[in-house]
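Under the UniProt record's numbering, the first residue of the sequence shown carries the number 1, and numbering increases by one thereafter.
FYI, nobody ran anything at the bench for these hints, they're computed from the structure. If you're wondering where the values come from, they're calculated on a predicted model, not measured in any experiment. Each residue gets a CB set at the ideal place from its N, CA and C atoms; glycine is no exception. Mixed in with the good hints, there may be bad ones.
[As the list claims (entries may be wrong)] No more than 16 Å apart at the CA atoms, straight line, and that leaves these computed lysine to aspartate or glutamate pairs for EDC-like:
hint	residue 1	residue 2
1	K98	D263
2	K98	E112
3	K98	D243
[Unchecked claim] Here are the in silico distance ranges between beta carbons for each label pair:
hint	residue 1	residue 2	range
4	R214	Q176	26 to 32 Å
5	T132	R21	36 to 42 Å
6	S2	T132	55 to 61 Å
7	A183	R127	20 to 26 Å
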Amino acid sequence: MSWTFTSRPEEFPEAAEAWLRADPTRNTVPLTVLNRLRHGLWAEDATLGWLTAGGEVRGAVVHTPPYPVLLGDIPLGSVAALAEALRGRPISGVSGPKEQAEAFAATGGRAESGRVAQRLYRLGDLRPHSSTGAPRPADEADAGWVASWMRDFMAEAEPENAGGDFLPQMRHRIAQGEMVLWADAGRPVAMAGFSRPISGMSRIGPVYTPSGSRGRGYGSAVTHAATRAAQEAGAGLLLLFTDLANPTSNSIYQNLGYRPVSDYASIAFAPPA
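Work the whole structure out from these sequences, hints included.
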């Protein structure tokens, strides 16, 4: 088995993307990030890697600094070689299926500074919510404060990645019709995103309710609205991630009809001494 890397999305082999698309559930994150790279997001200093064995692609990874290395559901036996191949590259962390992410962290020669235990959920039958208000798509006029909400979301969910400029990303997602707002009494009170369907798959996220509007069911309502929007865009496979340390969000999503698939981990590395 051997790993090959490129910094140019156009050089990423069709066979490697086909490998990701063959399991869009467990490869959801690198698959959607690859799509965004091809639309010009996060392209600076990006690294795309693919694993070959016996002349066939057996795995793929994506790295878009300053974010973690994103592992597809790669063979566990390939992780040590991947970590070694990336040893000289500045890496803030690793994210992927729990066993593979933990193996990368254990063999990469980097000190761990924290981790988030995550669970991947897949929608069964969408159930109703009970919040007041109504959804609407975000538009360009919303981009500034939606980016501010995204920064606040990251400060809570991934503080190590909260310092970036989120305006280009949010403008892109708004232009793609991917950001949904929940409004009550005419005032936006929550937001949720969804990815445009790839191989029939769409992933919900981020989901964010500002602190002053919490406890009123808005998070459930906007997740429901984003799920419906993804379905209307053609998605038959609906996914989302939760932080296992947040029982409220896990309960909300299960009440809407999302069911556990598998566990993931996002592991942050300490800066080099």
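These are the hints, each one checked on the structure:
1. Only pairs whose Cα atoms come within 16 Å are accepted, and K98 paired with D263 is accepted, the gap being roughly 6 Å.
2. Note on K98 and E112: the hinted pairing holds, with a Cα-Cα distance of about 15 Å set against a maximum of 16 Å.
3. Taking the CA atoms of K98 and D243, the gap is about 13 Å. The hint holds against a cut of 16 Å.
4. Between R214 and Q176 the beta carbons are some 27 Å apart, a value that agrees with the proposed interval 26 to 32 Å.
5. Roughly 40 Å separates the CB atoms of T132 and R21, a value that falls within the hinted 36 to 42 Å.
6. For the pair S2 and T132, the supplied restraint of 55 to 61 Å holds, since their beta-carbon distance comes to about 57 Å.
7. About 22 Å separates the C-beta atoms of A183 and R127, a value consistent with the hinted range of 20 to 26 Å.
Hint compliance for this structure: no hint is broken.
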